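Q: Read off the chains here:
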Amino acid sequence: MAKLPAYTTPLERVWHYTYLLICALIFLFLVAPILLVMPLSFNAEPYFTFTQKMLTFDPAGFSMRWYDNILTHGMAAPEIMRWSKNWWLDAWENAQWLHAAKNSVIIGVSATILATALGTLAAMGLSRPEMPFRRAIMGLLISPMIVPLIITATGLFFFYSKTGLAHTYIGIIMAHATLGIPFVIITVTATMVGFDHSLSRAALNLGATPITVFREITLPLILPGVISGALFAFVTSFDEVVVVLFVAAFDQQTIPRQMWNGIREQISPTILAVATILVIFSILLLTTVEILRRRSEKLRGISPA
Amino acid sequence: METQSTLQNDAPLTAADGTPLHKALGRATRRAKWRAFLLVFPLLIFIIITFAIPIAQMLYRSVNNTAFSDNMPNLVAYFANNEVTGVPGEDAYAALVADLVQAREAKTIGVVATRINYELPGARSQFTGGARKAKKLEAPFKEALIDVDEDWNDPHLWNVMQRAANPVSASFYLAALDMKYDDTGNIVRAPEKKRIYVPLFVRTLWLSALISVLCLILAFPVARLLATLPLRYSNLLMIFVLLPFWTSLLVRTTAWIALLQSQGVLNDMLVGTNILADENRVQLMYNQAGTIIAMTHILLPFMILPLYSVMKSIPPTYVRAARSLGASSWTAFWKVYFPQTIPGIGAGVLLVFILSIGFYITPALVGGSSGQLISNEIARHMLQSLNWSLAAALGGILLLIIIVFYWLFDKVVGVDNMKLG
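Quick mapping for you: the protein sequence lines, in order, are chains A and B.
Using the numbering used here, you'd call the opening residue of the first sequence number 298 and step up by one each time.
Using the numbering used here, you'd call the opening residue of the second sequence number 81 and step up by one each time.
Keep in mind that a hint or two might mislead.
[Said to hold, decoys possible] Restraint-style ranges between C-beta atoms, simulated for each label pair:
(1) B:VAL278 x A:TRP389: 49 to 59 Å
(2) B:PRO310 x A:PHE547: 47 to 57 Å
(3) A:THR506 x B:GLY494: 32 to 42 Å
[As the list claims (entries may be wrong)] Taking lysine-lysine pairs in the BS3-like style, the calculated list, with each CA pair at most 25 Å apart, reads:
(4) B:LYS187 x B:LYS213
(5) B:LYS215 x B:LYS187
(6) A:LYS595 x B:LYS392
(7) B:LYS187 x A:LYS459
(8) B:LYS260 x B:LYS273
Keep in mind that the hints were calculated from the coordinates and are not lab data.
What you are looking at is a predicted structure, and each value in this text was computed from that prediction instead of being measured.
Built from N, CA and C at the ideal position, the CB exists for glycine as well.
Based on the sequences and whatever the hints tell you, model everything.
A: Encoded structure:
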């Protein structure tokens, strides 16, 4: 922390520390709810608050029962031959949260691949200075991020019920790809800003085909932007529930949809256990994106000291 | 001097293959334009299919409802040939009875009844009841039908039916704006007590504005701290901002449910520290307070990040110069530092405002009834009351509001200047 200059008056000194305190409180407001979920998910009682036993750190107040419930909820025979091979098979086949997770991963990964491929290609075109109607097209491509999800979902509901895409994986994947595309465009065009076009011109001059130039020159340089765009797209899909509610079939559960149902119907600390896992997941994602960002800055030589 | 004049006198410059240079250049730029456009083309098509067409379809739906016109062919034909004012004669009733019989056999009477019921509450039972008896009715149909139910003699009903016979109508937009046609076909506002949607739009805009201001108040000090601290500290503190940003919306909403419930952590803390008596637990959730608190938390990173990136580019020397020229710390902040942050404030406030107008999940889970926003009403009409045309009309108005602010955002910030993280 920088030292206060010698000319600060006592009043300014008091204000400075008050200011730091205010900032600390705001930071607390930002992370406290997310971090509080973690200890609460180990509650032995079906409550959403800390019990007396938890506050006194009595081991009896804590349990893994809600994590256990994630696995066993929906299983045919959760109590028979626990941890045996058949038990795991049963969990893999029938556990509702695992079913939702499988769907979320299938939809998320497919939507990410689609969004990243189309988005990267378009971002390369958009970052060329000679691109016609650049601003208008950019405005259209970014708009799925701005237009309220409820409008997109309503439109898709009408469109899909006419075209037979309702209740299909393809339909959900296409919708989620659309929602993820703005993020890919934004991150990739941001990386392209620092891109030195003379490199690809040199490669072309030396006889490389455009595809080789993309594979050998462009892609490695913009890769950090592409990957962080892909992560954004994945998270968008992994967290999306409105479109799924509107166009998916009843058995096409995803994790957020299952959470949504759980919160609306029988709210149990299992939700908190799932939330804890998701928080850990987002910490991992955050770390990856930060590493990528620094790497990209280093590659482009604009790394601050 | 001499070389220039010789150049001017010479034949026009040509490219290697002999074409004039300006033509060759024009062709090359055209080709480059096409090449750039072709890269964007696949995505453009994709977005048009999965985004533009569905929204166009929603807008089409909002002005086009064929529930009546598809299922009542005789009446539609009658209205096409006759202008009805007041209650029509026997011909119209004959067509109506024939249609009622058909609609009952085709099991579409419910659809027709619902369509009329939107504009004439109570008409549903009148239609289903009339259709049940229609088969046994004999001419003269006018008297026979009015015998079944007095309401068939209502000139307003005929007015509504005549409008519904035309699939294209503005009635759903009127309903979405709390207006309707009166008995004589003029557009009037609904009675004060029955106005639902305009107050809801107003509430949505007002809560969004409030949340934007709250976010700004909370984001400003934090963003300034992050921008002025040495990088090794600010990178660390940045995690506090980015962790919520990357955490699932549902997780954050769940966390607030755990915190704000009347038996939740916050109330328990207040009771435990004897600030609050056990019987006076504060209701922080399932009302507007819940919506405001949770949405402010969820949208705060969207305010901090643009503010931070603007503040980062403000050189600290300006404030120091102001101080050394004798300005008090407040004057230096207010006259020198603050004006330079305005682009960031504009970007952040507009972004948060636009995002909060469309919020659905959080108000639905923590908002109770007083904290619902317009999106929740659209979802209700889509999933529960199944009045899809009204939902589409509400969506159309919401879209218009969003477009206005998106356009403003583009003017102030520029969509191509958006940054993430």
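Q: Output the numbers, in ascending order, of every earlier hint that fails for this structure.
A: none
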